[in-house]
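Sequence order for the protein chains is A and B. Numbering of the first sequence is given in full-length UniProt numbering, commencing with residue 1 and proceeding in unit increments. Numbering of the second sequence is given in full-length UniProt numbering, commencing with residue 1 and proceeding in unit increments.
Worth flagging that the hints you see were computed from the coordinates, not collected in a lab. Keep in mind that this is a model prediction, so the values were computed, not measured. Beta carbons: idealized from backbone N, C-alpha and C, even for Gly. Don't take every hint at face value.
Not everything, but these chain A residues come out facing chain B in the computed CB check (under 10 Å) [stated by the list, open to error]:
hint: 1; residue: Q73
hint: 2; residue: D130
hint: 3; residue: A132
hint: 4; residue: S148
Calculated Cβ distances over 12 Å to all of chain A for the following chain B residues [what the hints assert, rightly or not]:
hint: 5; residue: L4
hint: 6; residue: E17
hint: 7; residue: G22
hint: 8; residue: A33
hint: 9; residue: G34
hint: 10; residue: T72
hint: 11; residue: D82
Straight-line alpha carbon distances no greater than 30 Å define the calculated DSS-like cross-link-like pairs of lysine-lysine that follow [claimed, not checked]:
hint: 12; chain 1: A; residue 1: K187; chain 2: B; residue 2: K53
hint: 13; chain 1: B; residue 1: K15; chain 2: A; residue 2: K123
hint: 14; chain 1: B; residue 1: K15; chain 2: B; residue 2: K53
For reference, the chains in residue letters:
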Amino acid sequence: MVDFALFHRSALAGAKTGSFGAASTGSRIALTALSEGHVLHVLAAHGSGALRGLVAQIGDGGPYAVRAYGPGQWFVVGDAALSAADLSGKAALLASRASIADQSHGRVRIGIGGASVEAVLAKGTAVDLDQANFAIGHSAMTLIGHISALITRTGVESFELMVLRGFAESLWDDLVQMSLEFGVEAKTAD
Amino acid sequence: MASLIACPHCGPRPKEEFTVKGDAAIARPAADAGEDAWYAYVYLRDNPRGRHKEYWHHTSGCRRWLVVERDTVTHVVYAVLDASAQGETA
Numbered sequence: 001m002v003d004f005a006l007f008h009r010s011a012l013a014g015a016k017t018g019s020f021g022a023a024s025t026g027s028r029i030a031l032t033a034l035s036e037g038h039v040l041h042v043l044a045a046h047g048s049g050a051l052r053g054l055v056a057q058i059g060d061g062g063p064y065a066v067r068a069y070g071p072g073q074w075f076v077v078g079d080a081a082l083s084a085a086d087l088s089g090k091a092a093l094l095a096s097r098a099s100i101a102d103q104s105h106g107r108v109r110i111g112i113g114g115a116s117v118e119a120v121l122a123k124g125t126a127v128d129l130d131q132a133n134f135a136i137g138h139s140a141m142t143l144i145g146h147i148s149a150l151i152t153r154t155g156v157e158s159f160e161l162m163v164l165r166g167f168a169e170s171l172w173d174d175l176v177q178m179s180l181e182f183g184v185e186a187k188t189a190d
Numbered sequence: 001m002a003s004l005i006a007c008p009h010c011g012p013r014p015k016e017e018f019t020v021k022g023d024a025a026i027a028r029p030a031a032d033a034g035e036d037a038w039y040a041y042v043y044l045r046d047n048p049r050g051r052h053k054e055y056w057h058h059t060s061g062c063r064r065w066l067v068v069e070r071d072t073v074t075h076v077v078y079a080v081l082d083a084s085a086q087g088e089t090a
């Protein structure tokens with residue numbers, strides 16, 4: 001326990017907001033800072049077998065709560081902040097077959113959507129984002145420019161990016177820049 | 001250098017996402033193997049022309065160690081396997 005109350009400041013509180021770029025292309029991009037609820041990094045124990053179903057149990061039931069990261073690794077995300085008791089409850093569910101590393105303070109999520117969202121993200125990553133290869137709910141860890149990010153498709157024209165907190169504002173600025181030709185509406189939460 | 005590496009977990013990715021560690025074919029000597037064996041293991045490397053195996057780390061992707069078999073002359077990539085696959089690690 002901490003001896004004093006920590007003051008939580010949103011990673012993107014100081015990020016630039018408003019309208020940028022082309023005025024009305026009909027395919028404007030919407031950039032949104034998402035709630036910094038919880039981000040749990042789940043790592044499977046050696047030889048623990050298929051865990052996808054078990055990991056889903058520690059999620060909040062949201063459709064994109066569990067995001068595959070690599071073999072035996074997932075991120076479990078949600079909008080609600082978790083207490084220490086919530087965390088130990090979730091760890092107990094995993095029954096030593098996997099461990100949880102709380103990354104809620106370390107990674108933030110950015111929502112990006114719009115008709116031209118694939119074209120915007122393709123400027124930064126080599127991952128094929130076409131829906132035939134990257135279905136709704138699919139995740140991929142990759143680079144956007146020089147910044148490592150987990151891309152998750154949450155809809156036909158919407159994605160969520162998860163990035164290390166310290167890189168969030170830099171990625172935000174990059175995304176605004178990448179969206180200028182289509183026009184972009186940048187909105188931080190609260 | 002080959003610019004696309006087909007990660008067995010992530011699919012084809014650009015080489016910028018990876019870190020190359022080097023020769024995957026050398027074997028770690030026994031703890032008491034002597035100074036010469038350890039010196040060779042730690043410092044001495046060939047600079048092969050042609051087909052060879054290397055360790056690549058998918059640093060900006062799944063963060064797994066891979067063994068990439070590629071040709072240093074033609075840049076052809078023959079195989080990419082997870083380093084934990086049977087028989088891959090020296």
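Taking the hints in turn, this is what the structure says about them:
no.	hint	result
1	Q73	holds, 8 Å
2	D130	violated, 13 Å
3	A132	violated, 13 Å
4	S148	holds, 5 Å
5	L4	violated, 8 Å
6	E17	violated, 6 Å
7	G22	holds, 22 Å
8	A33	holds, 28 Å
9	G34	holds, 33 Å
10	T72	holds, 23 Å
11	D82	violated, 7 Å
12	A:K187 / B:K53	violated, 48 Å
13	B:K15 / A:K123	holds, 16 Å
14	B:K15 / B:K53	holds, 16 Å
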